[in-house]
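Quick note on numbering: the sequence shown equals residues 12 to 213 in the numbering used here.
Hints in this document: simulated from the structure, not taken from any laboratory. This structure is a prediction, so every number in the text was calculated from the model and none was measured. Note that CB positions come from ideal geometry on N, CA and C, so glycine has one too. Mixed in with the good hints there might be a few duds.
[What the hints assert, rightly or not] Below, computed lysine to any residue pairings styled on SDA-like, alpha-carbon distance capped at 20 Å: (1) K111 / D76; (2) K187 / L75; (3) K111 / A150; (4) K187 / Y71; (5) K42 / F60; (6) K43 / S31; (7) K187 / R176; (8) K187 / E173; (9) K111 / V143; (10) K42 / S31; (11) K111 / L132; (12) K111 / Q172; (13) K111 / P135; (14) K111 / R121; (15) K111 / L100; (16) K43 / T59; (17) K111 / P146; (18) K42 / D76; (19) K187 / D76; (20) K111 / A145; (21) K111 / Y71; (22) K187 / W206; (23) K43 / S27; (24) K111 / L75; (25) K187 / L171; (26) K187 / Q172; (27) K111 / I90; (28) K42 / A58; (29) K111 / V144; (30) K187 / A150.
[Claimed, not checked] Restraint-style ranges between C-beta atoms, simulated for each label pair: (31) F185 / R127: 37 to 43 Å; (32) P146 / I30: 58 to 64 Å; (33) R38 / R182: 55 to 61 Å; (34) L120 / L209: 25 to 31 Å; (35) R121 / G99: 26 to 32 Å; (36) L85 / V119: 27 to 33 Å; (37) R38 / D156: 52 to 58 Å; (38) V109 / G179: 38 to 44 Å.
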Amino acid sequence: MVKPSYLKMLTDSDVSDLISSDLRELRNAGKKLATHVVKLSAVGFGATFLQWIASFAAIYLLILDRTNWKTNILTSLLIPYIFFSLPGLIFGFLRGEVGKWIAAIAVVLRLFFPRRFPDWLELPGALILLIVVAPGLFASTIRGDAIGEVICLIISCYLLQEHIRASGGFRNSFTKANGISNTIGIVLLFVFPVWALLLRVL
12 MVKPSYLKML TDSDVSDLIS SDLRELRNAG KKLATHVVKL SAVGFGATFL QWIASFAAIY
72 LLILDRTNWK TNILTSLLIP YIFFSLPGLI FGFLRGEVGK WIAAIAVVLR LFFPRRFPDW
132 LELPGALILL IVVAPGLFAS TIRGDAIGEV ICLIISCYLL QEHIRASGGF RNSFTKANGI
192 SNTIGIVLLF VFPVWALLLR VL
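Please take these sequences and the hints and turn them into a complete structure.
Now the structure itself:
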């Protein structure tokens, strides 16, 4: 003989307990989601912000080199540094039609009017040409990878030790009249590659 099966009727208290437990789980999941979004956006914002700072520091040092920083430091290394650290917004803009026009004008001026082409435009012109003609391996793959960040770090280390040597020692690089601004600019070059590599390790 088959026993009759009974369905248990849910009372109002059972329903309210289930709904409250579901709402509790939703609230906890929302808190976790908000925490993770804040952490990731802070990390992403920090990396982008430091990338802007490092790029502007490199441009600042390039300008100093053409004005009053007359040492034997190989400042042309700032060109690949800027190439690898330039924020994607500016890099994409210069890699497009605008950069092609600027590069074409620079080449025409250099070829046909060499006496009117100023010396201080040599390195910026080389940077634009590098951005425009760089193959996808450099522009897309290495630029956003740890390899590009390591290259930036090596360039920063080399420029710092060359600047200290040219200043006559570590103390002089911070005490000479123009040594402080140059040293600060070079130290700022470290912020982007060090932070980006730390994020990759963590």
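- Query: Between K187 and Y71, does the CA-CA distance stay at or below 20 Å?
  - Reply: holds (18 Å)
- Does L100 lie within 20 Å of K111 when you go C-alpha to C-alpha? Since the Cα atoms of K111 and L100 sit roughly 16 Å apart, the hinted pair holds (cutoff 20 Å).
- Status of the given 58 to 64 Å range, CB of I30 versus CB of P146: holds (59 Å)
- For the pair supplied as a hint, K111 and P135, confirm whether the alpha-carbon distance does not exceed 20 Å. holds (14 Å)
- Item | Pair hint K187 and E173, alpha-carbon separation not exceeding 20 Å | holds (15 Å)
- Take a look at whether the Cβ-Cβ distance between R121 and G99 falls inside 26 to 32 Å. holds (28 Å)
- Query: Straight-line Cα separation of K187 and L75 no greater than 20 Å?
  - Reply: Within the cut-off at roughly 15 Å; holds.
- Could one say that the CB atoms of L120 and L209 fall in the range 25 to 31 Å? Because 42 Å falls outside the window, the suggested range is violated.
- Task: May I ask you to test the hint 38 to 44 Å on the CB atoms belonging to V109 and G179?
- Result: holds (43 Å)
- Query: Taken at face value, is the distance from the CA of V143 to the CA of K111 at most 20 Å?
  - Reply: holds (6 Å)
- Message: For a C-alpha distance cap of 20 Å, please report whether K111 and I90 respect it.
- Response: Given pair K111, I90 holds - Cα atoms ~17 Å apart, limit 20 Å.
- For the pair supplied as a hint, K187 and L171, confirm whether the alpha-carbon distance does not exceed 20 Å. holds (15 Å)
Violated hints for the displayed structure, listed by number in ascending order: 1, 5, 12, 16, 18, 21, 22, 23, 24, 28, 30, 34, 37.
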